[in-house]
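Build out the structure end to end from the sequences listed, making use of the hints.
Taken in order, these protein sequences are the chains called A and B.
First residue of the first sequence? That's 1 in the working numbering, and the numbers climb one at a time after it.
First residue of the second sequence? That's 1001 in the working numbering, and the numbers climb one at a time after it.
By construction, these hints were calculated from the structure, which means they are not laboratory data.
On a predicted model such as this, the values are computed, not experimentally measured, just so you know.
Careful, some of the hints might be misleading.
Listed below are several chain B residues computed to face chain A (Cβ distance under 8 Å; list not exhaustive) [claimed, not checked]:
1) Ala-1055
2) Ala-1059
3) Ser-1086
4) Asp-1092
5) Ile-1162
One-sided and incomplete, this derived list gives chain A residues near chain B with beta-carbon spacing under 8 Å [unchecked claim]:
6) Glu-38
7) Ala-41
8) Asp-48
9) Arg-52
10) Met-55
11) Ala-131
12) Lys-133
13) Tyr-137
14) Arg-193
15) Ala-195
16) Lys-197
Cβ atoms here follow ideal geometry from the backbone N, Cα and C, with glycine treated the same way.
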Amino acid sequence: MDSQKEALLNYCIALGDDSLTLGHRLSEWCRNGPFLEEDLALTNVSLDFIGRARMLYSYAAEIEGRGRGEDDIAYLRDCREYRNYLINELPNGDFAFTMARQLMIDAFDVGFYEELKQSADEMLAAIAAKAIKESRYHLRRSEDWIKRLGDGTDESHERTQNAFDQLWGYAAEMFEMATDEQQLVDAGVAVDRSALKSDWTSTMHSVLKQATLDIPAEDWAIGGGREGNHTEHLGYLLTELQYLQRTYPGQLW
Amino acid sequence: MVTMSDKTETAHLFELLSSVTDPEIPVLTLQDLGVLRDISVDNGEVTITITPTYAGCPAMQTMQTDIEKALQDAGYQQIKVKQSLSPAWSTDWMTQNGREKLRAYGIAPPLKTACDQSSGSIECPQCNSSEVKRISEFGSTACKALYQCRDCLEPFDYFKCI
Chain A
1 MDSQKEALLN
11 YCIALGDDSL
21 TLGHRLSEWC
31 RNGPFLEEDL
41 ALTNVSLDFI
51 GRARMLYSYA
61 AEIEGRGRGE
71 DDIAYLRDCR
81 EYRNYLINEL
91 PNGDFAFTMA
101 RQLMIDAFDV
111 GFYEELKQSA
121 DEMLAAIAAK
131 AIKESRYHLR
141 RSEDWIKRLG
151 DGTDESHERT
161 QNAFDQLWGY
171 AAEMFEMATD
181 EQQLVDAGVA
191 VDRSALKSDW
201 TSTMHSVLKQ
211 ATLDIPAEDW
221 AIGGGREGNH
231 TEHLGYLLTE
241 LQYLQRTYPG
251 QLW
Chain B
1001 MVTMSDKTET
1011 AHLFELLSSV
1021 TDPEIPVLTL
1031 QDLGVLRDIS
1041 VDNGEVTITI
1051 TPTYAGCPAM
1061 QTMQTDIEKA
1071 LQDAGYQQIK
1081 VKQSLSPAWS
1091 TDWMTQNGRE
1101 KLRAYGIAPP
1111 LKTACDQSSG
1121 SIECPQCNSS
1131 EVKRISEFGS
1141 TACKALYQCR
1151 DCLEPFDYFK
1161 CI
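In structure tokens:
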């Protein structure tokens, strides 16, 4: 496999991993939502992310051409082989934490998939065209919630502020390019993520301001997901996600 | 080369597939939804092109199986159902007939010109009032949002614009 093809394979898997880990986290809200409508919303958003992961993994499997399928990629890789940003794998915390993370990711995804739509790679462009529509809708909802929570009661304000304080440093790696990513950017296939930061920052500032929340200081940052270095939480997540395939190898629906 | 008989056969296939409906909204056919994009016949092999509504919509698999079954029942042997992602599905592709059927079924149809809120207002499918409020961005499935009518007080699903 030539180096660009391999970089593309890694790129699709990493994007799929972002979607799958977040989709799985959101699915954990099923029957735990704060009220029925929100329970449905969280799980519907979860489905959007899992669907996105399926498209990306299927495409990765096709690029690889070694007979692996989307399920093998999702179920038969261990932590170190997962390439998602750490923010996606963090436990849900309370509803404020879940929605604060969602806002950070949705604001990123809207900028990212808008650019990826222009990809020279037809399949990635098509997946992005599908994803951007969903992400715009997700962003509208997460913005709404953050404004309601931040500008809500003393308790909801405090919890939402705490959530952003705890999450802020996880944003950094969304804008750091992985080692083999630049050649894809040069080929017009991938998005230069470092260029997305200023738009993301201004969206966050505008929403947090309307939500009467303080912008956390950028005095710490954590990363490593794209290199396969994860928090301890990913192992627990995969234990549940992969249980069935690990216990009954090759089991199909 | 497309011969006359191929054209007739394609029309026949479209007719056959008009019996296949959305498993979650059974009043809508795949044509009404705008999910059925193309039908082609090549050397006896039928290729059906569909486009997914939402990336994670669990109904897509059922639709695919239902298409295969409808064609097999009509005697077709070689069937391929292809998913096409581009151009991305839009509620603008829903037919006028489909919109009417949705309304009669109790679901407010999507506004035209995807998500342009100025192009009209959402109306209660029960009493046609436009005095409605949104309860949740999502309803019973990914493609719907939950609304309530302020006049007749009935809660209803709105097939959201995308």
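Outcome of the hint check:
no.	hint	result
1	Ala-1055	holds, 3 Å
2	Ala-1059	violated, 11 Å
3	Ser-1086	holds, 4 Å
4	Asp-1092	violated, 12 Å
5	Ile-1162	holds, 5 Å
6	Glu-38	holds, 7 Å
7	Ala-41	holds, 4 Å
8	Asp-48	holds, 5 Å
9	Arg-52	holds, 5 Å
10	Met-55	holds, 6 Å
11	Ala-131	holds, 7 Å
12	Lys-133	holds, 5 Å
13	Tyr-137	holds, 7 Å
14	Arg-193	violated, 21 Å
15	Ala-195	violated, 24 Å
16	Lys-197	violated, 26 Å
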